[in-house]
Amino acid sequence: MYCEHHQAAYSNLEKSYPQWRRALGLSWTEYLEKVDKVSGAGIWVKEVIKDILSGD
Amino acid sequence: MTLRDSSVQYHVARREGDELLVVSALGHLYALTQVGGGWTYPVYEMKWVPASQVNKANTRVKAYIETISTLSRGVDRFVSACDYDQEGSLIAYNALRYAVGEHSLARSRRMLYSTLTSTDLVKAWETMGPTLDYPVIAAGKTRHEADWLFGINLSRALTLAVREASGAKKTLSIGRVQGPTLSFVKEREAGIRSFVPLPYWKVYAETVISGEAYPLEYEKQRLEREVNARELASECRGRDGKVVGVEMRSERLLPPPPFNLGDLQREAYRVFNMSPTATLRAAEKLYLGTYISYPRTSSQRLPPTLDLRGILEKLSKHPAYAKHAEELMSRGRLKPRQGKKDDPAHPAIHPTGAKPRRLQENEAKTYDLIVKRFLACLGEPAIREKVEAEVDVNGHSFYLRGSKTTKKGWLDMYAPYVEDRETTLPELEVDMVIPVTKLSTRRSYTKPPQRFNPSSLLRHMENHEIGTKATRTNIIDTLYRRGYVAGRRIAITDLGLRIVETLEEYCPSILSVEMTRELEESLEKIQVGKENPEAVIDDVKEALKPILAQFKDKEGEIGAAIAEAVTGVHAWEGAV
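Heads up: the sequence lines are chains D and E, in that order.
Residue 7 in my numbering sits at position 2 of the first sequence; the count goes up by one each step and never skips.
Residue 337 in my numbering sits at position 280 of the second sequence; the count goes up by one each step and never skips.
For the record, the hints were derived by calculation from the structure and aren't laboratory data.
Only a predicted model underlies this, so the values are computations on that prediction, with no experimental measurement involved.
The beta-carbon is built from N, C-alpha and C at its ideal position, and this holds for glycine as well.
Incorrect hints may have been included.
Straight-line distance between alpha carbons at most 20 Å, and here's what the computed EDC-like set of lysine to aspartate or glutamate pairs gives [as the list claims (entries may be wrong)]:
no.	chain 1	residue 1	chain 2	residue 2
1	D	LYS51	E	GLU244
2	E	LYS504	D	GLU52
3	D	LYS20	E	GLU281
4	D	LYS42	E	GLU283
5	E	LYS504	D	GLU19
6	E	LYS243	D	GLU9
7	E	LYS104	E	GLU202
8	E	LYS504	E	GLU244
9	D	LYS39	E	GLU281
Reference listing, derived: stretches of chain D covered by chain E, where coverage requires no fewer than 3 residues with Cβ under 8 Å from a Cβ of chain E [stated by the list, open to error]:
no.	stretch
10	17-24
11	48-57
Just chain E, same shape as in the assembly:
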């Protein structure tokens, strides 16, 4: 039964004689704010308050808090059933602690699940632990507090420095993950701007066998001197080549592992040109619709407890997936290809088998990609036969290369998302003579490094282990919103550049990958009960003290350095 208290919907259900009241939150109902007033820095004391007090636009929060508070009266126990991750655990903890009261915590338990299907929810209900997941809550709380300390202090320091120097009222921000990420973009841009291309020559040759043209690849990808290119052309043009060796080998292409969030976002960018933000949004909708498992996961593994056959049976009812689902079910044992990355909370992203209804375009694309990847990871390896013939042309080696897929295996299940280029060669034998019908050399230049796009920047952050699967996308969005970067091929703006350069000079540790990575490691340890959250927050405060003291000391110089870029936010010329 669904009821409504003021503007908030809640649900009433019965189970084993108990009445259950189910009410949602609205993301974080509580947020951090400083203790005491004044828009200055340093600020080290903070408290949790209703989010509407921090962000006045967050008007609906108040009604949710009131509903939770009202419904809690007379309730004898509480269950946290938010998404199973740090954010979800913290949302429920704060709602219980502040909207219901401290007394509720001792009577609270935690449901853990990775899909919203009724089977999984019932199982999570029946197997829930005796208490809340306090280590996860502590890690989430510490992350918020550490980020708040960095964010509020550094952003105020920057903003006030510029205001003092120029009177400009623009709010600037920088944080412990934003800083290193912006620094990555700046380093790449500097590499592009100071790039000197080098010349090289490439050889293009062709032969014709039985009326068909085939490319002949020269043994060297590049020639570094023009004179060598000319010599090669004069020695080989118009000559015949002789096949001096033919090598054949079979290549086994293993299926890909199932998606974690980063892999899904990169693949969606590759095949649909969909931004990581749009992919995450689509995946979250699919999860809420019970069509896929929880998408904010690092795992590339499907646990042995997962009912693969049950999912395939449901997928076999979808016309688009029936053929491959049935093919997989006809096999005795289902063994998914597992990736290296794991996540203690959630398996890799997979379909539940529930048939989606009325999906938006991005959701439909993302769903298809996830299902096909899931099927592919259960598929058999593909076999590709490769042929390489060495051709001697007047003492120079050229190669004829071909490949043919003899067993499609998982490639069929992942179509059309797999690149499968084939070149079939004719029968070739040693001593066979073939003509060089075309030969030319062309001067080219080495290319500058490529600008990041949202997908490659996300991977760069992952490789440097900064941010989390849940926060990286937001960090990139913030850089755009603040006007520090611009364009789909990400270019740093004058303002972004000036901020990085100023911070490099006056407080380089803000841009340091090491500092933020160490904090991530501490948070992981808190989550498994091996680190004290208070000690981590104390360390953050200690790390901030010298940085902020330096900021205060150099406020005039810092403000002046950034001020002139504040008025004109534009990407570097030719950047986008």
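Only chain D is shown next, with the shape it has when bound in the complex:
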């Protein structure tokens, strides 16, 4: 359960995944790891990624 801001970041992650998969053929986890390394990714997005990956 995320707060309003992190929920928005999570929704954006979900919405963007199909385009990343089409572009690079990545799995969900590979996608999260890639986004985490891109400098333009938002801080809330990175926090959500950290949370998801730590739960795997």
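Got chain D sorted already, so can you dock chain E onto it with the hints?
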């Protein structure tokens, strides 16, 4: 003749047998305060008092009021000659009403002018109306009263909520324009923080013709899949291209309209990186020096009554502007490019032609920009020839693009403030074969929205029609001063964020663009005599009642939510 009464200077002149006493104000000599005591809310009753009673640091006000009062004795008529806008009209009205007395109002008239040149002042004197400009005064007075009601009540509500919850003694503020403006910054920041970049691939290609390298632009700006980028590279690299079409067209670039205040502030930010506050300050100095017209204008238009030729004649005496001023004067008819925005009180900002002396750096830059924009708006359109050649490379379309300015027109007059990038292409013909000498693809990512800077935030406020040309700059400054935003690329601080989020939850109407825009519309109607000022103030009070009741009801929650951010005001990590 210039005289002095205590510390205040005034001037004595004679005209047509009359003795004229000219005394200035010091901005607003009177300010609003609450009727009755107590630092609480709601507060709905207010009165005008000397500004020194509201702000103890405003010590010089008292001397100005006393001088105006003393000089008014035995005077048989009064003239309001403050700047022609709501603030100027209200300053003079309050000075007459309170420092001289109610009786003076029936014997008062208003001078209207847009420059401080002696020609314009004499004309304004000779053509002044029979009374004060009461609708403008009413609009200014209502704006102050409405802003006071919002400001005093909401700021006290916020401050007391935090004090109650934590004992913190920090004074917080929010107002009807501050709220939506802070909300813009917060929305932008939220967009940046929750941004997920998307990958794309860009194609970079080059050809060499007669020993010169030219960029070849691929038909698609972006490729969305890596595999497509790889395929394109393998199909085109090392191949020749064939020119399959050459298109030439002529483009007419119209001159820009003259500046209004917002345009001037944006342009000064673009070309000098000068803040809107610094530009306004410089423009006001230039106006007081009689070098330019009144800068707080919305107009992008120069009226037909303006003596363009007279201004050009004076500018032709300045070595820096002589060439273009003379060139324009040599033409039969002077027709400025007019913008869409108009202002009933003032024309677009323009030079008077008076030669400036001893300008500070920012003033000199601003003056040059204004003069060149004025000359440019009178200039002829520029003509640019554009060439676009389509090149087929193994079934993929690339383009060679070039442009050349064949007639400079106004571009010359606006130099060096115009961006004029040119690429001249060699002669190109259909079926001509050219080599692809370089081709690569590069992965990039979409970028998050950009943070506002003072100039773009000003434009955002203008686009949403909140605040006025006179107040927007101050609102942005207040957000910085209160510690709600920080940095030249404007980032919201923890405190700013907490305030917006708390208000969003408990009284979202404070952040609403609609509420403040409706009030602006009412003020405009008051100014043209189509709205009753008392009714507008009553509406403001009615709008505040439920908001303040909710605030009182939730004081504990609101205070607790904001309190922890009060102690540490810092911008979000990586924000500035």
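- Quickly compare the C-alpha distance for LYS504(E) and GLU52(D) to 20 Å and report which way the hint goes. Holds, because 19 Å separates the two Cα atoms, which is no more than 20 Å.
- With a cut-off of 20 Å on the C-alpha distance, tell me whether LYS39(D) and GLU281(E) pass. holds, 16 Å
- Item | Proposed proximity, GLU281(E) with LYS20(D) (alpha carbon, max 20 Å) | The hint holds at about 16 Å.
- Item | Satisfaction of hint between GLU9(D) and LYS243(E), Cα-Cα up to 20 Å | holds, 14 Å
- Below or equal to 20 Å on CA atoms is what counts here, so check LYS51(D) against GLU244(E). holds, 19 Å
- Compare the distance between the alpha carbons of LYS504(E) and GLU244(E) with 20 Å, and conclude whether the hinted pair is satisfied. holds, 16 Å
- Task: Measure nothing beyond the straight line between the CA atoms of LYS42(D) and GLU283(E); if it is 20 Å or shorter, mark the hint as holding.
- Result: holds, 18 Å
- LYS104(E) and GLU202(E): Cα distance at most 20 Å? Status holds; Cα separation ~9 Å.
- Message: If you count the residues of the stretch 48-57 of chain D with a beta-carbon closer than 8 Å to a beta-carbon of chain E, do you get 3 or more?
- Response: holds (count 3)
- Query: Is LYS504(E) close enough to GLU19(D), meaning Cα to Cα at most 20 Å?
  - Reply: holds, 18 Å
- Query: If you look at each residue in the stretch 17-24 of chain D, do at least three have a Cβ nearer than 8 Å to any Cβ of chain E?
  - Reply: The restraint on the stretch 17-24 of chain D holds, since 5 of its residues have a Cβ under 8 Å from chain E and three suffice.
Comparing the model with each earlier hint shows no violations; every hint is respected.
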